[in-house]
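Asks: Chain by chain, the residues:
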Amino acid sequence: GQNIDQPTEMTATEGAIVQINCTYQTSGFNGLFWYQQHAGEAPTFLSYNVLDGLEEKGRFSSFLSRSKGYSYLLLKELQMKDSASYLCAVIKAAGNKLTFGGGTRVLVKP
Amino acid sequence: NAGVTQTPKFQVLKTGQSMTLQCAQDMNHEYMSWYRQDPGMGLRLIHYSVGAGITDQGEVPNGYNVSRSTTEDFPLRLLSAAPSQTSVYFCASSPFSGTGQQPQHFGDGTRLSIL
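Chains as they are written, first to last, in my numbering: chain A, 1 to 110; chain B, 1001 to 1115.
Read the hints as simulated data drawn from the structure, not as lab findings. Just so you know, even glycine gets a beta-carbon here, dropped at the ideal spot from N, CA and C. Don't take every hint at face value.
[Said to hold, decoys possible] With a cut-off of at most 30 Å between alpha-carbon atoms, the simulated DSS-like pairs for lysine-lysine come out as follows:
{"no.": "1", "chain 1": "A", "residue 1": "K97", "chain 2": "A", "residue 2": "K68"}
{"no.": "2", "chain 1": "B", "residue 1": "K1009", "chain 2": "A", "residue 2": "K97"}
{"no.": "3", "chain 1": "B", "residue 1": "K1009", "chain 2": "A", "residue 2": "K81"}
{"no.": "4", "chain 1": "A", "residue 1": "K76", "chain 2": "A", "residue 2": "K109"}
{"no.": "5", "chain 1": "A", "residue 1": "K109", "chain 2": "A", "residue 2": "K57"}
{"no.": "6", "chain 1": "A", "residue 1": "K57", "chain 2": "A", "residue 2": "K76"}
[Unchecked claim] Computed footprint of chain A on chain B, listed as stretches where at least three residues anywhere in the stretch have a Cβ under 8 Å from a Cβ of chain A:
{"no.": "7", "region": "1091–1097"}
{"no.": "8", "region": "1105–1112"}
Could you build all of it, start to finish, from the sequences and the hints given here?
Replies: Shown next as structure tokens:
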């Protein structure tokens, strides 16, 4: 089976940095996705990690450690529009099936 | 480019009624899937398909049926609606990859309430 854990909620100040952690236990692993979901909207793709290390995309970075079953999403220079839920999802070795964590709701305050 | 289109956007049903949630994509994606999203539980996979004529069960398939007669369409049927099926339903699609490395594109969701 797969257990994926992330914090339920985080609050940060505009302009600051927030790190959202995700830990997983899975019998097979072929990558980890991060999605952003604004309230009442569809999830949208942010990043994909399959190898250990850091992937950077502008203000967003994602890190993976396969040996530790751990990933984080780093949001820099926070903007009000970054207030959303961030979903961690793991894909097993075979097929496209995604298993999602419960999501982390990030609230950015002025 | 429409992407993934879900209809209806909102629906209220009575217990025991049946209905079909529609999902269509125009990106020629092989892989399509249905999720439900409940507060605090994230997205859970109901059914998925890796191509026309092929479907399989996900994590929470009970009470739902799917079919995939064309590449574009992947309808989800509720056989006999129950209050426990009140949820937001998302359809998603992606190019199929044996290693699953393609990000999925989500529709806008169907908000379903069962009374």
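Asks: Each hint should be assessed against the structure and marked as holding or not.
Replies: Checked hints:
1. K97/A with K68/A: OK: K97/A and K68/A at ~22 Å, within 30 Å.
2. K1009/B with K97/A: holds, 24 Å
3. K1009/B with K81/A: holds, 24 Å
4. K76/A with K109/A: holds, 14 Å
5. K109/A with K57/A: holds, 23 Å
6. K57/A with K76/A: Within the cut-off at roughly 11 Å; holds.
7. 1091–1097: holds (count 3)
8. 1105–1112: holds (count 5)
No hint from the list above goes unmet by this structure.
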